[in-house]
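Residue 268 in this note's numbering sits at position 62 of the sequence shown, with consecutive numbering throughout.
Keep in mind that the hints were calculated from the coordinates and are not lab data.
Treat the hints loosely; a few may be bogus.
[Said to hold, decoys possible] Computed list of lysine-lysine pairs in BS3-like fashion (alpha-carbon distance at most 27 Å, straight line): (1) Lys289 x Lys262; (2) Lys254 x Lys284; (3) Lys296 x Lys276; (4) Lys289 x Lys243; (5) Lys284 x Lys311; (6) Lys284 x Lys263; (7) Lys262 x Lys284; (8) Lys257 x Lys296; (9) Lys311 x Lys262; (10) Lys289 x Lys311; (11) Lys254 x Lys276; (12) Lys289 x Lys245; (13) Lys311 x Lys276; (14) Lys276 x Lys262; (15) Lys243 x Lys296; (16) Lys276 x Lys245; (17) Lys311 x Lys263; (18) Lys243 x Lys254.
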Amino acid sequence: MRKYLTLPISLVITLLQTACTNQKNQSQTTVSQNVQKTKSLIIYYDAKQGKDVLLKKAASFGAEIFYDYKNINAIAVKIPNEKTVEDAEKYFGSIPGVLSVTQDKAVSLY
């Protein structure tokens, strides 16, 4: 009697482990596929220097400021179609008082 019970239980455990592993791998793949890079940048600046120079440089670059963060020292800008994100990152990164430039990403959970 024990031989018959042992075989199905071990088989069920193996199948459950395989199913859980496959589900985890599929979830990781789905999340990585749902990340879309945008043509927007988040630019962090030094609060002591302020953002006035940054705003003027953004306007002269042709970038549209679409968000001014209130809780952190940063702005979000949209890069004009005729310019690349890489060029914009270099441009904004060279402005005095800019601490970092990060490309914005849209993440879809489903």
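Results for each hint:
no.: 1; hint: Lys289 x Lys262; result: holds (18 Å)
no.: 2; hint: Lys254 x Lys284; result: holds (25 Å)
no.: 3; hint: Lys296 x Lys276; result: holds (25 Å)
no.: 4; hint: Lys289 x Lys243; result: holds (15 Å)
no.: 5; hint: Lys284 x Lys311; result: holds (12 Å)
no.: 6; hint: Lys284 x Lys263; result: holds (13 Å)
no.: 7; hint: Lys262 x Lys284; result: holds (15 Å)
no.: 8; hint: Lys257 x Lys296; result: holds (18 Å)
no.: 9; hint: Lys311 x Lys262; result: holds (25 Å)
no.: 10; hint: Lys289 x Lys311; result: holds (18 Å)
no.: 11; hint: Lys254 x Lys276; result: holds (15 Å)
no.: 12; hint: Lys289 x Lys245; result: holds (10 Å)
no.: 13; hint: Lys311 x Lys276; result: holds (20 Å)
no.: 14; hint: Lys276 x Lys262; result: holds (19 Å)
no.: 15; hint: Lys243 x Lys296; result: holds (17 Å)
no.: 16; hint: Lys276 x Lys245; result: holds (22 Å)
no.: 17; hint: Lys311 x Lys263; result: holds (23 Å)
no.: 18; hint: Lys243 x Lys254; result: violated (30 Å)
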